[in-house]
Every structure is written in C-alpha cells, then in structure tokens.
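Q: Each chain, written out:
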Amino acid sequence: MWEAIFFWGFGGLAAALAVLVIAMKNPIHSAVALIGNMFCLAALFALLDAHFLAAIQVLVYAGAIMVLFMFVIMLLNLKAEELGRSRRTLAKGLGLVLLAWVAVRFLAEFKGEALALPAVTEDYGTIESIGRLIFGPQILPFEVASVLLLAAILGAVTIAKKRLW
Amino acid sequence: MIPDSIAEISASQVPGDLMAILPFLVAVAGGLVVIIVDLLMRPKASRQALGILSLLFLVLMILACLVDVGKPPEMAFSDLVVADDFSRFLGVIFAVAAALSALTAIGRLPDEGAARGEFYALLLFATGGACLLAQATDLISMFIGLECLSIPAYILAASLRRDPRSAEAGFKYFILGAFATGFLVYGIALLYGAAGSTQLKEIARLCATQPWTGNLMLIVGALLVLVGLLFKIAAVPFHMWAPDVYQGSPTPATAFFATAVKAAAFAALLRVLFMALPDMRTGTAGYEDAGWAGLLTVIAILTMSVANLIALVQNDVKRLLAYSSIAHAGYLIIGLLCNQEGAAAILFYLAAYTFMTVGAFALVAYFEHKSGGTSMTEYVGLGRRHPVAAVALCILLFSLAGIPPTAGFFSKFYLFRAAVNEGFIVLTVVAVLNSVVSAYYYLRVTVAMYMEDETQEKKPAVKASFAIALAVGICVLFVLLMGVHPTPYLDAARSSVLSLF
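Protein chains in written order, with our numbering: chain P, 1 to 165; chain R, 1 to 501.
Worth double-checking, as some hints may not be accurate.
[Unchecked claim] List of simulated lysine-lysine pairs, BS3-like, C-alpha gap at most 30 Å:
hint : chain 1 : residue 1 : chain 2 : residue 2
1    : R       : K172      : P       : K161
2    : R       : K172      : R       : K71
3    : P       : K25       : R       : K44
4    : P       : K161      : R       : K44
5    : R       : K44       : P       : K162
6    : P       : K92       : R       : K71
7    : P       : K92       : P       : K25
8    : R       : K172      : P       : K162
If you are wondering where the hints come from, they were derived from the structure by calculation, not from laboratory data.
Let's have the full structure, built from the sequences with the hints guiding it.
A: Here is the structure:
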C-alpha cells in the first residue's frame, strides 16, 4: 500500500520533472528540474531496496554531474534573445497526440503480471553484494567500461585542447 | 587438483575466458601501445609510424580470429560472451576494415591537420568494441560493446579539428547516436522486465513458452532495441544522420563507419533476432505479418528505395557513397528475413561490401585535394590524369552496382537467391529494380571520369601515396577474387552462421 503510494508519487513526479527539463526555456530551470528528477529516481531505487544505488544516484548524478552542468550553463551565460522563440507547434501537437495514444494503449493492454524474479535476499543492494556482482559475473562489462572512459577522455583532449602539437 | 572454493574455480577459469575475447584484448592493447608511443615521440614528428604500429596490431587481431576457426562455440565470462565462428568471421571483417582505413589515414591525414596519434588509438578501441559486440550473447555485454564502438566513432568523426563540417559531423553523430542509445537501453530494460534476464537465450525461452502477442512489455522492448540497432545501420527512417556524418568526417573515418560500424550493428541484429527473438518472427494465426518479418520487409523496401532515389541527384561523390551505403543496408536487411541461408549471405555480402566501400572511400581520399573537393566536377577528366586510379575506382563502383565478375554481383546474387527460396518474390523484385536504379549513379561517376570534357584549367596530378595505393590494391584484388571464385568465402560464411541457429 505505502509502497504503491510512494512509487506512483515519485514516479509521477520524476516523469513531470523530465517533461519540464525539455519544456523550460531557460537552461538553468531545465537543469534544476533535472536535479529534481534525479532525486526522484534515487527515491525509486530506495523503494527497490537498492540503497547503495540510491545513495550513488544522489552523490554522483544529482551532486557532482549536475554541479558541472550548472557551471557550464552559467559560464555560457545565454541571453534571452539567444535562446530563440519556441517553434514547430504542429510537431509538438502531433507528438502529444501520439504520446496520448501510446499511453492509452499501454494502460489498456498492459496486464502487469507478476514476474517470477528471484526473491530479494538479505544482503540485496548492499555494497558487498554489488561488489561481488561487479567483480564476479559482471567483471567483463565493468572492465570494458574503463576502455570506454579512456576513449572518452582521449576524445575530450582531442577535440577541446587548443594546441595539440 | 580439486578446487576447494568458488573463488578458486572462477580464478582458474579466467585464462580461458581471456582467450575467448583475445581479438578484443589485442585491439585494446594496440590502442594503449599507440597512445604511449605517441607520448614518447617528438611533438612535430610525423605520426605515420603509429599508423604502421596499429596495422601490426590489426594483423595480430586477424591472426587471433583465424587461429581458432572451426573450434566449437565457447561461452565465457559467465555466459556474457561467446567465441564462435560467427564472431571470428566478423572479427576478421572489422580488423580488415580498420586496417584498410588506417592505411588510408596514413596516406591522407598528414596534410589535413587532424588529430594524429589519437586517430589510430581510437580506431583500435572502436575495432575492439565491434569485436565484443559480435561476441555478445547478453544484452549488457552487447550494450557495452556497442558503446565501446560508438564513442570512439563520434570522436573520429570530429577529428578534423580545423574543419567546421567535421565538428558538425561529430556533434550530429554524437547527439543522434546518444538518442538511439537511449532507445536501446530502454528496450533492454523492458526486455529484462519481461524475461527476468538479460541473456538472449532466456528471452528466447520466454518467447517459446508463452505467446508473445499479448506481452506488451516484450513487444515494446523488442521494438526499442530494434530501433536502436537500425539507427546504427542507418536504415530508413533512421538514416538522416548518415549523409552529413559521412560527408563531414575525415574520409578514412567515413570508410570505417560505412563498413565496420555497419557490420557490427548487423552482427548484433543477427544475434538479437535469431538468438533472442526467433519466435517473434511472425505473428499468430491470422496476424502473420505482425512479427518482425513484416516490419523489416517494410523497412528494407523503404531503405533501398529512398536511399537510391536520393542518391540519383547527388553531385558530391562522398555524399553519393553515403547514400549508396544506406541502400546497401537495405539489401542486407533482406538477408535478416531469410534464416540460415540469409545470414550466410549477409556475412558474404558484408565481407565483399567492406572491400568495395573502403576501396571507394580510399580513392575519394586520394582524389581529395587540400580544398577538400569531393564534388562530381572534380572527377571530370580523371581517366586521363590518373588512369590507374580511375580504373580501380571503376571496378569498385561496378562492384557496388553489382555487375559481374565482381564480388558485388555474387553478394547480391546469394542474397536474392536466399530471398527467392524463402518466398520473398515481391521483395526480391523491388531489390533488383533498386540495383538497376543504383547502376545509374555509379555509372555517372565513370561517365564524369572518362567521357565529359574538361572545361576547367588543367589540374596538377595528385602525388601518389604508397599507403593508399596499397589499400586500394588490396580492395580491388579481393573484389575481383571474390567475384571470380566466391565459393571458399561463401563456404566460410555458411559454416560461420551455424552457431546462431
């Protein structure tokens, strides 16, 4: 009962804030809405007993990454006239109609059958169990992610550095 | 010796696991070595040596793939990846595409002010990602492989630092690619929700045990994963990014995108469609067109027709080749519908297509003057100024059009034969008509090179580059070899797809 109330509350809020992120004209407002959205996602993780993920979501995403976002937006310091007028009302209207249609179909047809997922164990969502997963069965994606990050660092230097040689 | 703890068992398996992803490891090691050697070189020195170093690692990678050919499929890393002949065949294609692109870069990049050592390192990382993608039997490893391929690709697109079109290409590729990745991840999440596992075989088991038509979560998840992968192969209607990205990127990178990236996405499509969703191919009785077979039929027809029609009016050879590569993705989608024979035809087609496309782009890079001229008017009179290169370009374009005795003819022949055997008559007729249409714009380039009169002042001949000449020579050789004697390559493709079914 309470879980359902919290789920729909945080889920609905997350969806509404996500819409605000793309609907707001001022990028600062969008960024603030994104922070709110990430807090809601953290709450949803907490509802799923994934406490470590919830904490990381707040620390890394809502904290570190969004602070960088804010810095960048403020450094760019966009004026109102540079932001441009909102256009393409037809496209927006069509998008909304399609979205409504998908939502109606989804709600009408989705049975919501319970899946036979394994039961949540005692240590589920703890740092230890996540560590065992990351350095055990999921070691390959975890290690390959480091190659990915290295490539991204290389890219940041290649594209952004003023003088390469 | 009997291992007495779980940790010991998994530790003793690690060397075997690492052997299974050997091509990936060789590519990544090559990338790291290139970065380190780059640091040791003098800043102003030419980076051609790094290109040769990366070629060395790519050759090692081909050997790493070839040495295990014929061994039974071997799962590794708790079933996240598999080393089978399918992944080895594709691994060779990726490495060959990367090596030929690197050869083009060695000949072309020094005078373009591009990021230099980084280019080869990123090329190697992307090749490694492609290998992992072709080996993935789990949605998580598939996703990480795809990203390991895509992120270096975005940077390669933007690596001409002084050219705004290159920056635009990188930005467009990145934003739209990230958008497509979003679809893919959402689809993966829904498939996980529906099946309770990210393993492809577990998803197949779910589809086999209960009718999928009522399972909305499964359907939406599968659709979103398909959208994400169809974006990567630039199928219509997800093709808008391709012409701009292919035109703006440095030509060696374009050659890599058009071949290795496309081949890797087809590898993922083949794995997902045949290993995870074989039961979603057709709908239930009365709704036979509801499955992915019907969907892909429509997309194949759209992709071939739209790309070929737009290509007819292109006046820039690089952009024309971009549309041609979209059209080829359309032909390849037909193979996805034709089961085992179709999958084998796809592998053969991908191998032939790699040689003809990289060769054509290498020649575009060769003719490209410092101004970056790739328009059709630049090609007027090339038949007289560069007779050998012009003949090579003609052979590659004839092959792209599917004229015998080239590899392009047999790749189309095998594909269409598989389609006819499966009963896709209408689709085959549309595809054949499309390849007739495509012959027109490929021949336009030939006409420009040989038959149009030079109106402009005589241009000086471009200095020949040994690296590009070597790349083009290899491409032409294999295009003719696979056209004259295709059987061994087709047999290799046939035995490689066995592990998918």
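Q: Would the hint linking K44 (chain R) and K162 (chain P) be met if the CA-CA limit is 30 Å?
A: Distance ~16 Å between K44 (chain R) and K162 (chain P) Cα, so the pair holds.
Q: Within 30 Å, alpha carbon to alpha carbon, are K172 (chain R) and K162 (chain P)?
A: 22 Å, holds
Q: Hint check: K92 (chain P) vs K71 (chain R), CA-CA at most 30 Å. Holds or violated?
A: With a Cα-Cα distance of about 54 Å, the restraint between K92 (chain P) and K71 (chain R) is violated, given a limit of 30 Å.
Q: For the pair supplied as a hint, K172 (chain R) and K71 (chain R), is the alpha-carbon distance within the 30 Å limit?
A: 42 Å, violated
Q: Is the hinted pair K161 (chain P) and K44 (chain R) satisfied, with a Cα-Cα distance of at most 30 Å?
A: 16 Å, holds
Q: What's the verdict on K172 (chain R) and K161 (chain P), does the C-alpha distance respect the 30 Å limit or exceed it?
A: 20 Å, holds
Q: Within a Cα-Cα threshold of 30 Å, do K25 (chain P) and K44 (chain R) meet the stated pairing?
A: 46 Å, violated
Q: Check whether the Cα positions of K92 (chain P) and K25 (chain P) lie no farther apart than 30 Å.
A: 15 Å, holds
When held up to the earlier numbered hints, the structure conflicts with 2, 3 and 6 and fits the remainder.
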